[in-house]
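Here's the letter readout for the chains.
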Amino acid sequence: MIETTFTPVSAAIGGAMIGTATVMLLALRGNVFGATGILAGVLNPLSSGDWAWRVAILAGLITGPVAYLLVMGRMPAVEVPVPLWMVLAGGFLGGVGVTFGSGCTSGHGICGLARGARRSIAATATFMISTGITVYVVRHIVGVA
Amino acid sequence: MQLVFMYLAGLLFGLGISVSGMVNPAKTLNFFDVAGSWDASLAIVMVTALGVTAVGYRLVLRRRRPLFAPQFQLPTARVIDARLLGGAALFGVGWGLSGFCPGASLPALGTGQPVVLAFTAALIAGMMAARWVSRLNLRKRAAETA
Numbered sequence: 457m458i459e460t461t462f463t464p465v466s467a468a469i470g471g472a473m474i475g476t477a478t479v480m481l482l483a484l485r486g487n488v489f490g491a492t493g494i495l496a497g498v499l500n501p502l503s504s505g506d507w508a509w510r511v512a513i514l515a516g517l518i519t520g521p522v523a524y525l526l527v528m529g530r531m532p533a534v535e536v537p538v539p540l541w542m543v544l545a546g547g548f549l550g551g552v553g554v555t556f557g558s559g560c561t562s563g564h565g566i567c568g569l570a571r572g573a574r575r576s577i578a579a580t581a582t583f584m585i586s587t588g589i590t591v592y593v594v595r596h597i598v599g600v601a
Numbered sequence: 006m007q008l009v010f011m012y013l014a015g016l017l018f019g020l021g022i023s024v025s026g027m028v029n030p031a032k033t034l035n036f037f038d039v040a041g042s043w044d045a046s047l048a049i050v051m052v053t054a055l056g057v058t059a060v061g062y063r064l065v066l067r068r069r070r071p072l073f074a075p076q077f078q079l080p081t082a083r084v085i086d087a088r089l090l091g092g093a094a095l096f097g098v099g100w101g102l103s104g105f106c107p108g109a110s111l112p113a114l115g116t117g118q119p120v121v122l123a124f125t126a127a128l129i130a131g132m133m134a135a136r137w138v139s140r141l142n143l144r145k146r147a148a149e150t151a
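Chains A and B, in that order, are what the protein sequence lines are.
For the first sequence, this note's numbering begins at 457 and goes up steadily by one.
For the second sequence, this note's numbering begins at 6 and goes up steadily by one.
Quick caveat, the hints were computed from the structure, so don't treat them as lab data.
A hint or two may mislead.
Label pairs and their calculated CB-CB ranges [claimed, not checked]: (1) A:462 <-> B:86: 33 to 39 Å; (2) A:525 <-> B:74: 30 to 36 Å; (3) B:75 <-> A:531: 39 to 45 Å; (4) B:119 <-> A:597: 26 to 32 Å; (5) A:539 <-> B:130: 17 to 23 Å; (6) B:68 <-> A:500: 26 to 32 Å; (7) A:526 <-> B:86: 43 to 49 Å; (8) A:500 <-> B:8: 15 to 21 Å; (9) A:515 <-> B:69: 25 to 31 Å; (10) A:599 <-> B:78: 41 to 47 Å; (11) B:148 <-> A:462: 54 to 60 Å.
Just so we're clear, the structure is a prediction, and the values are computed from it rather than from any experiment.
We treat Cβ as the ideally placed atom computed from N, Cα and C, and that holds for glycine.
Using the sequences and the accompanying hints, generate a full structural model.
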């Protein structure tokens with residue numbers, strides 16, 4: 457486990473940026489901002505007109521840390537406190553989960569909750585609980601990381 | 006022109022993930038570790054993002070249509086079923102194991118760390134496997150009803 461400090465101010469500024477970006481997408485193109493949906497649409501485009509805007513968003517997402525580097529003079533920290541097999545297993549299970557669950561933290565947790573969508577409320581409650589249980593089991597029962 | 010705005014929306018989201026610290030799996034995992042090294046930052050990120058989105062969505066949805074498209078494309082599904090809840094539960098297990106969720110891992114790719122690439126490859130593999138299984142089930146159901 458790696459200790460991190462509570463950073464309420466940068467959390468609020470970053471959160472407001474995330475919220476503004478999701479509102480931008482609805483105002484401009486009429487879509488919800490789900491990272492899963494955007495990635496799935498890049499991999500499996502529904503139609504040719506549906507592909508380019510998702511690629512543009514993906515390019516923006518990936519260059520986010522570069523913009524941070526330009527402003528702050530350093531890359532944001534990415535520290536992974538778990539072994540590689542857990543990263544890979546987590547990625548695979550997460551990929552299956554977001555496909556069956558139709559979304560993730562951004563699509564359900566932000567856009568869906570903001571719309572008051574009952575499916576998103578149910579999904580967010582479910583994954584927040586299962587994430588918490590998983591972290592508890594990993595850290596306090598198995599003691600891997 | 007539309008693509009420039011789309012890029013900027015992605016950039017703002019990716020910058021927000023970076024500024025908030027949610028790009029860092031150590032930080033998101035610590036939010037869930039109430040019994041250990043608790044860091045409440047994720048709650049602040051969620052609440053502010055949610056607040057801005059809820060107000061912004063309400064204002065935007067008063068308009069008849071978005072700027073660059075003929076209509077809004079909001080999800081229409083209403084049913085809370087085992088597929089939704091099972092998928093969400095599984096996603097949580099994946100998030101809890103790795104500390105990455107898709108919204109944070111896509112911006113994290115920009116830091117150039119190989120571990121993020123490994124996560125993303127596994128994520129895509131999982132998405133493709135799930136699509137493949139769903140398609141098999143659809144075909145089986147079609148064969149049964151035929």
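Evaluated hints:
no. : hint                        : verdict
1   : A:462 <-> B:86: 33 to 39 Å  : 37 Å, holds
2   : A:525 <-> B:74: 30 to 36 Å  : 33 Å, holds
3   : B:75 <-> A:531: 39 to 45 Å  : 40 Å, holds
4   : B:119 <-> A:597: 26 to 32 Å : 30 Å, holds
5   : A:539 <-> B:130: 17 to 23 Å : 18 Å, holds
6   : B:68 <-> A:500: 26 to 32 Å  : 30 Å, holds
7   : A:526 <-> B:86: 43 to 49 Å  : 45 Å, holds
8   : A:500 <-> B:8: 15 to 21 Å   : 20 Å, holds
9   : A:515 <-> B:69: 25 to 31 Å  : 30 Å, holds
10  : A:599 <-> B:78: 41 to 47 Å  : 46 Å, holds
11  : B:148 <-> A:462: 54 to 60 Å : 55 Å, holds
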